[in-house]
Amino acid sequence: MTDPSTLPKMTGRGTPGPAPAALEIVHLSHSYGARPALRNVSFSVRPASFCILLGLNGAGKSTLFSLITRLYAAPPGTIRIFGFDVNMTPSAALRQLGVVFQARTLDLDLTVRQNLLYHASLHGISAKEALLSSQIVLERTGMSGHLDERVRTLSGGQIRRIEIARALLHHPPLLLLDEATAGLDIKARADILAHVRYLVAEAGVGVLWATHLIDEVTPADDVVVIHAGRILDQGLASEVTARAGAAEIGTAFTSLVSVARKESP
Amino acid sequence: MTSAGLTEPLDRNFRQDFGVVQYARCFKGIVWRETLRFLHQRERFVSALVRPLVWLFIFAAGFRSVLGVSIIPPYETYVLYEDYITPGLMAMITLFSGMQTSLSMVYDREMGNMRSLLVSPFPRWFLLVSKLIAGTLVAAIQVYAFLLIAYFWEIEPPSPFGYLSVLPAVLLVGLMLGALGMLLSSLIKQLENFAGIMNFVNFPMFFASSALYPLWRVREGSPWLAYICELNPFTHAVELIRFAFYEQVNLLALGVVLGATLFFLIGAIVAYDPSRGMLQRREGP
Numbered sequence: 001m002t003d004p005s006t007l008p009k010m011t012g013r014g015t016p017g018p019a020p021a022a023l024e025i026v027h028l029s030h031s032y033g034a035r036p037a038l039r040n041v042s043f044s045v046r047p048a049s050f051c052i053l054l055g056l057n058g059a060g061k062s063t064l065f066s067l068i069t070r071l072y073a074a075p076p077g078t079i080r081i082f083g084f085d086v087n088m089t090p091s092a093a094l095r096q097l098g099v100v101f102q103a104r105t106l107d108l109d110l111t112v113r114q115n116l117l118y119h120a121s122l123h124g125i126s127a128k129e130a131l132l133s134s135q136i137v138l139e140r141t142g143m144s145g146h147l148d149e150r151v152r153t154l155s156g157g158q159i160r161r162i163e164i165a166r167a168l169l170h171h172p173p174l175l176l177l178d179e180a181t182a183g184l185d186i187k188a189r190a191d192i193l194a195h196v197r198y199l200v201a202e203a204g205v206g207v208l209w210a211t212h213l214i215d216e217v218t219p220a221d222d223v224v225v226i227h228a229g230r231i232l233d234q235g236l237a238s239e240v241t242a243r244a245g246a247a248e249i250g251t252a253f254t255s256l257v258s259v260a261r262k263e264s265p
Numbered sequence: 001m002t003s004a005g006l007t008e009p010l011d012r013n014f015r016q017d018f019g020v021v022q023y024a025r026c027f028k029g030i031v032w033r034e035t036l037r038f039l040h041q042r043e044r045f046v047s048a049l050v051r052p053l054v055w056l057f058i059f060a061a062g063f064r065s066v067l068g069v070s071i072i073p074p075y076e077t078y079v080l081y082e083d084y085i086t087p088g089l090m091a092m093i094t095l096f097s098g099m100q101t102s103l104s105m106v107y108d109r110e111m112g113n114m115r116s117l118l119v120s121p122f123p124r125w126f127l128l129v130s131k132l133i134a135g136t137l138v139a140a141i142q143v144y145a146f147l148l149i150a151y152f153w154e155i156e157p158p159s160p161f162g163y164l165s166v167l168p169a170v171l172l173v174g175l176m177l178g179a180l181g182m183l184l185s186s187l188i189k190q191l192e193n194f195a196g197i198m199n200f201v202n203f204p205m206f207f208a209s210s211a212l213y214p215l216w217r218v219r220e221g222s223p224w225l226a227y228i229c230e231l232n233p234f235t236h237a238v239e240l241i242r243f244a245f246y247e248q249v250n251l252l253a254l255g256v257v258l259g260a261t262l263f264f265l266i267g268a269i270v271a272y273d274p275s276r277g278m279l280q281r282r283e284g285p
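First to last, the sequence lines map onto chains A and B. If you count the first sequence from 1, position 134 lands on 134 in our numbering, and the numbers rise without skipping. If you count the second sequence from 1, position 177 lands on 177 in our numbering, and the numbers rise without skipping.
No wet-lab data here; the hints were simulated from the structure. Every residue, glycine too, gets a C-beta built ideally from N, C-alpha and C. A few of these clues could be false.
[What the hints assert, rightly or not] Over the 10 Å line for every Cβ pair with chain B, so calculated as not near, a few chain A residues: (1) Asp107; (2) Asp109; (3) Gly142.
[As the list claims (entries may be wrong)] Simulated restraints on C-beta separations: (4) A:Ser144 <-> B:Glu247: 52 to 60 Å; (5) B:Met111 <-> A:Asn40: 53 to 61 Å; (6) B:Ile266 <-> A:Pro36: 26 to 34 Å.
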């Protein structure tokens, strides 16, 4: 993870400069009416890295995702995806992005194939290209035999895998996953996490993985700890742990959140 | 998966803007999805047909002798009451289809499907217009299925060309009512509130129009109600279809329907613009 202020900036309408961050968020704030949801949030995600956005439910993770994907717009602050400003050049920015939202977004009444083709069309991809592209991901996740099944008949873990395959259809260099393993059993969680880590290592996809599950963090991961819309700490998980004077990231997280609650209950 | 598998198309996506081909694919995908959803919901198709057929075969038969229709344009002779209300029922199908668009958008928003549409890199106005056109085509299919059944009861236009000349009118009315449905969907917070649309929009629009009775009849009973009917864009939608079915153009109706379509569509696009925060108001805590 890098300090956003040191990152190269984009000029004009998205001509990329040298090695922009996969995701760069600078001084981002947002509120629901009078209730602040994000306060002056800044962090970045390096290309081809796995970054965990760690926070309790209601910490602001989903709000952040809605802002990055432009479901909500024009907040104070800046969001750049590979240098493309989400509000200034939304089309170019969104093209770099694959998203798996916390809420399931597949059409339950359509088959897996129909869902994939629909998503492909929303990115201007031909059916042939989409099926070829999804074949690799579906085989890797063991879902290639389910193409003609209705989504309604699949398990929660299978739906998540399909959603990940769908998010990768247009070959985005950045993948956002919001609580992608929530509600899944241990094996399904482990499989999905392993698959996403594989994408980072082997395919060079940058990942922002939002979760409240401590056991999904390894010491080598980049971590952004968020609580009540504020970033409490960020860096390598091992560094965050050390700074908090804890033995492992779980204790460090609890300690950081406790201090934040005392400061602003 | 290999890294090459990702970087090759990535480079293309990274640099190029979307061209006509990509826009066409996106449009086709949205139309295809709406059609599939319609075909999967057979009960929706059946109920969309049963509603006007009940009006045609039961209501019209019962009221044939009560509600007389004088010779008014576009009719050149006395017509049966069934003939009179057929254009109104065609408009009724598009009205309920438009509200189905509204329901479908609220449902998609609650189920999360709307997010996949709105995070597409295509301009939001294009996505909404494509969805609107898709809904209109589905409505047109229902109208022609209704006309096919009506044909076997000898309810038909004066010449077969009427089936063709009414198509642009049906499509335009479908766009108007679909855009209205889209605009309304931005105002509905929850799926449960959708019943209000039926009570406060569908029924008043339908009954305060020339769908079931000519306006001169209404004026006889209540001049102010006739005035409301004249202001109702659905009245003009019915008249546009009625005249087109008889291979004629009602310019006033055409103007009103075009204007209302534009008004509702711009309203819907503004309502769904992220900076307006509609989704945020609906989804935020």
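Hints, verified against the model:
1. Asp107: violated, 6 Å
2. Asp109: The assertion about A:Asp109 is violated, with a minimum of 5 Å to chain B.
3. Gly142: holds, 14 Å
4. A:Ser144 <-> B:Glu247: 52 to 60 Å: Holds, since A:Ser144 and B:Glu247 (Cβ atoms, about 54 Å apart) stay within the stated range.
5. B:Met111 <-> A:Asn40: 53 to 61 Å: Roughly 33 Å apart at Cβ, these two residues miss the hinted range, so it is violated.
6. B:Ile266 <-> A:Pro36: 26 to 34 Å: Cβ of B:Ile266 to Cβ of A:Pro36: about 33 Å, so the range 26 to 34 Å holds.
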